[in-house]
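Residue numbers (my numbering), protein chains in the order written: chain A, 1 to 326; chain B, 1 to 326.
Some hints could be false.
The list cannot tell twin chains apart, which means a pair is met if one copy fits it or any two copies do.
[As the list claims (entries may be wrong)] Computed list of lysine-lysine pairs in BS3-like fashion (alpha-carbon distance at most 27 angstroms, straight line):
hint, residue 1, residue 2
1, 258, 150
2, 241, 258
3, 258, 242
4, 323, 98
5, 323, 111
6, 323, 258
7, 296, 58
8, 258, 3
9, 164, 62
10, 52, 3
11, 150, 272
12, 150, 323
13, 111, 296
14, 98, 296
15, 62, 258
16, 167, 216
17, 62, 150
18, 323, 241
19, 299, 111
Hints listed in this document are in silico derivations from the structure and should not be mistaken for laboratory results.
There are 2 protein chains.
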Amino acid sequence: MQKIRLGILGYGNLGRGVQYAAAQNPDMEVVAVFTRRDPAAVQTVLPVTVDKTENIGKYADKIDVMILCGGSATDLPEQSVQTVRMFHTVDSFDTHAKIPAYFDALDAAAKETGHVGAMSIGWDPGLFSLARIYFGSSLAGGSTYTFWGKGVSQGHSDAIRRIKGVKDARQYTVPIESALERVRNGENPELTTREKHTRECYVVAEDGADLVRIEKEIKEIPNYFADYDTTVHFISEEELKKNHSGIPHGGFVLRSGKSAAGNHFLMEFSLKLDSNPEFTSSILVAYARAVYRLAKEGKTGAVTVFDIAPKYLSPLTESEQRKQLL
Amino acid sequence: MQKIRLGILGYGNLGRGVQYAAAQNPDMEVVAVFTRRDPAAVQTVLPVTVDKTENIGKYADKIDVMILCGGSATDLPEQSVQTVRMFHTVDSFDTHAKIPAYFDALDAAAKETGHVGAMSIGWDPGLFSLARIYFGSSLAGGSTYTFWGKGVSQGHSDAIRRIKGVKDARQYTVPIESALERVRNGENPELTTREKHTRECYVVAEDGADLVRIEKEIKEIPNYFADYDTTVHFISEEELKKNHSGIPHGGFVLRSGKSAAGNHFLMEFSLKLDSNPEFTSSILVAYARAVYRLAKEGKTGAVTVFDIAPKYLSPLTESEQRKQLL
Numbered sequence: 001m002q003k004i005r006l007g008i009l010g011y012g013n014l015g016r017g018v019q020y021a022a023a024q025n026p027d028m029e030v031v032a033v034f035t036r037r038d039p040a041a042v043q044t045v046l047p048v049t050v051d052k053t054e055n056i057g058k059y060a061d062k063i064d065v066m067i068l069c070g071g072s073a074t075d076l077p078e079q080s081v082q083t084v085r086m087f088h089t090v091d092s093f094d095t096h097a098k099i100p101a102y103f104d105a106l107d108a109a110a111k112e113t114g115h116v117g118a119m120s121i122g123w124d125p126g127l128f129s130l131a132r133i134y135f136g137s138s139l140a141g142g143s144t145y146t147f148w149g150k151g152v153s154q155g156h157s158d159a160i161r162r163i164k165g166v167k168d169a170r171q172y173t174v175p176i177e178s179a180l181e182r183v184r185n186g187e188n189p190e191l192t193t194r195e196k197h198t199r200e201c202y203v204v205a206e207d208g209a210d211l212v213r214i215e216k217e218i219k220e221i222p223n224y225f226a227d228y229d230t231t232v233h234f235i236s237e238e239e240l241k242k243n244h245s246g247i248p249h250g251g252f253v254l255r256s257g258k259s260a261a262g263n264h265f266l267m268e269f270s271l272k273l274d275s276n277p278e279f280t281s282s283i284l285v286a287y288a289r290a291v292y293r294l295a296k297e298g299k300t301g302a303v304t305v306f307d308i309a310p311k312y313l314s315p316l317t318e319s320e321q322r323k324q325l326l
Numbered sequence: 001m002q003k004i005r006l007g008i009l010g011y012g013n014l015g016r017g018v019q020y021a022a023a024q025n026p027d028m029e030v031v032a033v034f035t036r037r038d039p040a041a042v043q044t045v046l047p048v049t050v051d052k053t054e055n056i057g058k059y060a061d062k063i064d065v066m067i068l069c070g071g072s073a074t075d076l077p078e079q080s081v082q083t084v085r086m087f088h089t090v091d092s093f094d095t096h097a098k099i100p101a102y103f104d105a106l107d108a109a110a111k112e113t114g115h116v117g118a119m120s121i122g123w124d125p126g127l128f129s130l131a132r133i134y135f136g137s138s139l140a141g142g143s144t145y146t147f148w149g150k151g152v153s154q155g156h157s158d159a160i161r162r163i164k165g166v167k168d169a170r171q172y173t174v175p176i177e178s179a180l181e182r183v184r185n186g187e188n189p190e191l192t193t194r195e196k197h198t199r200e201c202y203v204v205a206e207d208g209a210d211l212v213r214i215e216k217e218i219k220e221i222p223n224y225f226a227d228y229d230t231t232v233h234f235i236s237e238e239e240l241k242k243n244h245s246g247i248p249h250g251g252f253v254l255r256s257g258k259s260a261a262g263n264h265f266l267m268e269f270s271l272k273l274d275s276n277p278e279f280t281s282s283i284l285v286a287y288a289r290a291v292y293r294l295a296k297e298g299k300t301g302a303v304t305v306f307d308i309a310p311k312y313l314s315p316l317t318e319s320e321q322r323k324q325l326l
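The following block holds chain A by itself, in its conformation from the complex (with noise of 0.2 angstroms):
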């Protein structure tokens, strides 16, 4: 079997979860990392090519799909429409307001170049926007909810980090779990941001910092706390690193409503995932597959989750994925 050659642009906790997924997946393959660091400096988690993403041109013909791994604040928007003139592409593009021109951006750059990128690949843009739309298009006589968490938001972390006098922390963002009971009876309840989620802060100060001022700033910040019911818990530097240094996170979407007889029904998804870039970079591959053989069939541009037919996404064949699957 001729394998599936994937590249993987950006070497950080994405990267090296698509290294460890594509590990898994006996039709693919990892060809090279390319890193704007010194490659030499890199160290990967399992044996593979580190070449400077200057350097990624050379790499046409040896790679099928190149697996974007940057950020998508800064790095997503330039690269993703850079990188799709040479390769077909995957990525987690997940800031929500901007996907709109993001896509139109990746769709005129993929089509004038032949090429698919598949954007917004993951958990969250991805298998609960494939909830969101199952189970809206399933039951038109309902509402749909998205619950986040328990999990660690890596901007709300970084946004207390910002705050002087905080050496580190942790945030992680709590689902109410009697808002998601009341989803669960079939109430339909109208909810405040403030009645969905909670925000737990482990926050360790420099010494001494103060800690009332400290804990003030956090709460005030404007969207990430202002409007939320925040804990924030002064911990040492020891009990950060021994009882928060992962990265876990999940959520929950629910679709409660009524047929026109009113009968009531509920469908819920949900993820608990002990490392939230592993499970995404393991999406991503799985999406890779899509890509690659949506590519063959001559289709090109950006597409989305919503465009892609399950069948691509399996390693089996359609016939025993009907026969194991359906």
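The hints should help you fit chain B onto chain A, whose structure is shown.
Relative to chain A, chain B alone:
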């Protein structure tokens, strides 16, 4: 807006459910119901033309998608192949073992006549199949589990009714909570049939019937009950009517697994349905929309949920989907 014009072939619980579901979708209308009975004797839940099945051919220009609401055992294998020669179709064929042969026959007839036939649509096969393929593809290293219930199994209820001395019966399939918990805990257990589900039977016996013999006969029916821990409750006809007249169902699809780095992931999809046929119908209607759109694009042949990209199901435009659901 031009509505999608639906026909309903067969008017039992599923056909009624399709009428209810179409009423919740503003882009749909039901043009006619077709029945083998005397049309004048059919009471529909909402006003609609009722005609004889033999007149179906007269509606070729009036109906975009025909939804087949017959049973899998005898109706569908014949009906689907005949009907797809005249219309695009959607059906809920659910005899797992016969899916490959059914697919081939439907595919040939549909391709020959330029139609699309969506088969095995509903929640299992259907949404549960989608969970199995998305979960399995997203996490190569893991095990997938399907549990059904708590819900009424029509087939098992019928099997009990065939026993001498039984006047009426209702059978519930019940998932074993401790087995679900073992899966959720990441134990990846090997579960026997008996370890996954129990069977609860509510039986109305005829006056003077031998209850001991009936209970023994139920518990010994091969495949249906012999491999399960089965409980038999004898109740009055009134109690059966009062407490067991609904057709609820539901279930769980779970996948538990690990990354190559050893981190654990759990995916879980569950359904709680007050009415099994009405929920199935609601999904049939969503897939009628998909079939309509696929046919417009020139697609022909048999398709399952695996072949249909989610974008085809939603009433939203593609850019609305990306904006609101991604």
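Sort out which numbered hints this structure fails and list those numbers smallest first. Violated hints (numbers, rising): 9, 14, 15, 17, 18; every other hint is consistent with the structure.
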